[in-house]
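Visitor: On the provided structure of chain A, position chain B as indicated by the hints.
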Amino acid sequence: MNQGLPPAAAPVDLNGPGHYLHWGVIQLSVANLVVIGVMVLIFVLALVLRFPKGGDRK
Amino acid sequence: MSEETQEGATGGWTGAMRRSAVKAFPPDKLLPDTQPKYVASWIYVFGVLTLAAFLVVLGTGGVLALKGPAWWHTSGFGHYVNSLHLWSVELFMAFMVIHLWGKFFMAAWRGRRVLTWITGAVAFVGSVGTAFTGYLVQQNFDSQWISTQAKDGLNAVGIGAFFNVTDFGQMLMWHIVLLPLVVGILVVLHILMVRHRGVVPPIALPGQELVAGEEAAR
Chain A
1 MNQGLPPAAA
11 PVDLNGPGHY
21 LHWGVIQLSV
31 ANLVVIGVMV
41 LIFVLALVLR
51 FPKGGDRK
Chain B
1 MSEETQEGAT
11 GGWTGAMRRS
21 AVKAFPPDKL
31 LPDTQPKYVA
41 SWIYVFGVLT
51 LAAFLVVLGT
61 GGVLALKGPA
71 WWHTSGFGHY
81 VNSLHLWSVE
91 LFMAFMVIHL
101 WGKFFMAAWR
111 GRRVLTWITG
121 AVAFVGSVGT
131 AFTGYLVQQN
141 FDSQWISTQA
151 KDGLNAVGIG
161 AFFNVTDFGQ
171 MLMWHIVLLP
181 LVVGILVVLH
191 ILMVRHRGVV
201 PPIALPGQEL
211 VAGEEAAR
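From first to last, the protein sequence lines are chains A and B. Residue numbering for the first sequence follows UniProt numbering, starting at 1 and increasing by one per position. Residue numbering for the second sequence follows UniProt numbering, starting at 1 and increasing by one per position.
Honestly, the hints are just simulated from the structure, not real lab data. A few of these clues could be false.
Stated by the list, open to error - With a Cα cut of at most 25 Å, we get these calculated SDA-like pairs of lysine to any residue:
{"id": "1", "chain 1": "A", "residue 1": "53", "chain 2": "B", "residue 2": "67"}
{"id": "2", "chain 1": "B", "residue 1": "29", "chain 2": "B", "residue 2": "199"}
{"id": "3", "chain 1": "B", "residue 1": "151", "chain 2": "A", "residue 2": "25"}
{"id": "4", "chain 1": "B", "residue 1": "67", "chain 2": "B", "residue 2": "151"}
{"id": "5", "chain 1": "B", "residue 1": "29", "chain 2": "B", "residue 2": "195"}
{"id": "6", "chain 1": "A", "residue 1": "53", "chain 2": "B", "residue 2": "164"}
{"id": "7", "chain 1": "A", "residue 1": "53", "chain 2": "B", "residue 2": "177"}
{"id": "8", "chain 1": "B", "residue 1": "37", "chain 2": "A", "residue 2": "52"}
{"id": "9", "chain 1": "A", "residue 1": "53", "chain 2": "B", "residue 2": "151"}
Said to hold, decoys possible - Sample of chain A residues with no beta-carbon within 10 Å of chain B, all distances over it, derived:
{"id": "10", "residue": "28"}
{"id": "11", "residue": "30"}
{"id": "12", "residue": "35"}
As the list claims (entries may be wrong) - A short, non-exhaustive set of chain B residues, derived as facing chain A with CB atoms under 10 Å:
{"id": "13", "residue": "39"}
{"id": "14", "residue": "45"}
{"id": "15", "residue": "48"}
{"id": "16", "residue": "80"}
Cβ atoms here follow ideal geometry from the backbone N, Cα and C, with glycine treated the same way.
Looking at chain A on its own, in the form it has when it is part of the complex (with noise of 0.2 Å):
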């Protein structure tokens, strides 16, 4: 039985060394890349969603 397993497990495993991407001199984490992909993606959605209509416009 895995008695160190927190209630709450992360979806990917932690533990151990990060994942890094590499093009020349540019080096890059893959859990950066992630945000980064994470934060476009809301980018573009914030663009595309309709706002909900506020009543105090002009």
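Guide: Same frame as chain A, but now just chain B:
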């Protein structure tokens, strides 16, 4: 010297400052309860999200400063507040960058808003410095690693003598006094500029009329 020579021109420099402040920021402009129609878009939300995250950063940072590293490294509640500080910073930076993207692509410096743009850009750079010094004062192996990696780069550009990343006391003061003061003042100036010039309207399509408010702001 007559005290009431002219209506509205009394009170010395205090009166002059009050008159110019009221002229630049009349109450309905300083605390508006309505916004132009074009503000009803999700992309306009990220400025205030950044501000909300910034307030959580300041609040949790204040608690960490009062309780100290022995508390935030060893107690359960200390870990919790430490994590709130970290994750509010993560959200602050993410919201600020999305806000920056949005404002860049709508050329938010239009309509005499260049100072709004500049205060925002400098606040962003200051925030990067504040986050960096925050990593340096965690008092763990992570901060040791970051400081010893960073010192060579900073020494190479010649600023290591007066910005010594291995000097914990100096980095702590930068993190909890100097940089938050600079970023805080810039954020206040940035918001005042937004209030003064108004929220930037979208770019008009070719042949289309300008959105109401843009012409007046030009």
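Visitor: Next step is simple, just say for each hint if it's right about the structure.
Guide: To see whether the hints hold, each was checked on the structure:
Distance check on the hinted pair: residue 53(A) and residue 67(B) sit about 44 Å apart at the alpha-carbon level, beyond 25 Å; violated. Taking the CA atoms of residue 29(B) and residue 199(B), the gap is about 11 Å. The hint holds against a cut of 25 Å. Our distance criterion of 25 Å between C-alpha atoms is met by residue 151(B) and residue 25(A), whose separation comes to about 20 Å. For the proposed pair residue 67(B) and residue 151(B), the alpha carbon gap of about 28 Å is over 25 Å, so the pair is violated.
Note on residue 29(B) and residue 195(B): the hinted pairing holds, with a Cα-Cα distance of about 6 Å set against a maximum of 25 Å. Restraint check for residue 53(A) and residue 164(B): not satisfied, since their Cα atoms lie roughly 52 Å apart, outside the 25 Å limit. For the hint pairing residue 53(A) with residue 177(B), the CA-to-CA distance comes to about 42 Å; that exceeds 25 Å, so the pair is violated. Straight-line distance between C-alpha atoms of residue 37(B) and residue 52(A) comes to about 12 Å, which keeps the hinted pair within the 25 Å bound.
With a CA separation close to 52 Å, the supplied pair residue 53(A) and residue 151(B) exceeds the 25 Å bound. In this structure residue 28(A) is separated from chain B by more than 10 Å, as the shortest Cβ-Cβ distance comes to about 16 Å. A cut-off of 10 Å between C-beta atoms confirms that residue 30(A) is not in contact with chain B; the least separation is 17 Å. The beta carbon of residue 35(A) is not kept farther than 10 Å from every beta carbon of chain B, the shortest such distance being approximately 7 Å.
A least Cβ separation of about 8 Å between residue 39(B) and chain A falls short of the 10 Å threshold, and the interface hint therefore holds. With its C-beta approaching chain A no nearer than about 7 Å, residue 45(B) sits inside the 10 Å limit, and its interface hint holds. The beta carbon of residue 48(B) comes no nearer than 13 Å to any beta carbon in chain A, farther than 10 Å, and the hint placing it at the interface is violated. For residue 80(B), the suggested interface contact is broken, since its CB lies about 14 Å from the closest CB of chain A, more than 10 Å.
The structure does not agree with the numbered hints 1, 4, 6, 7, 9, 12, 15 and 16 stated previously, though it agrees with the rest.
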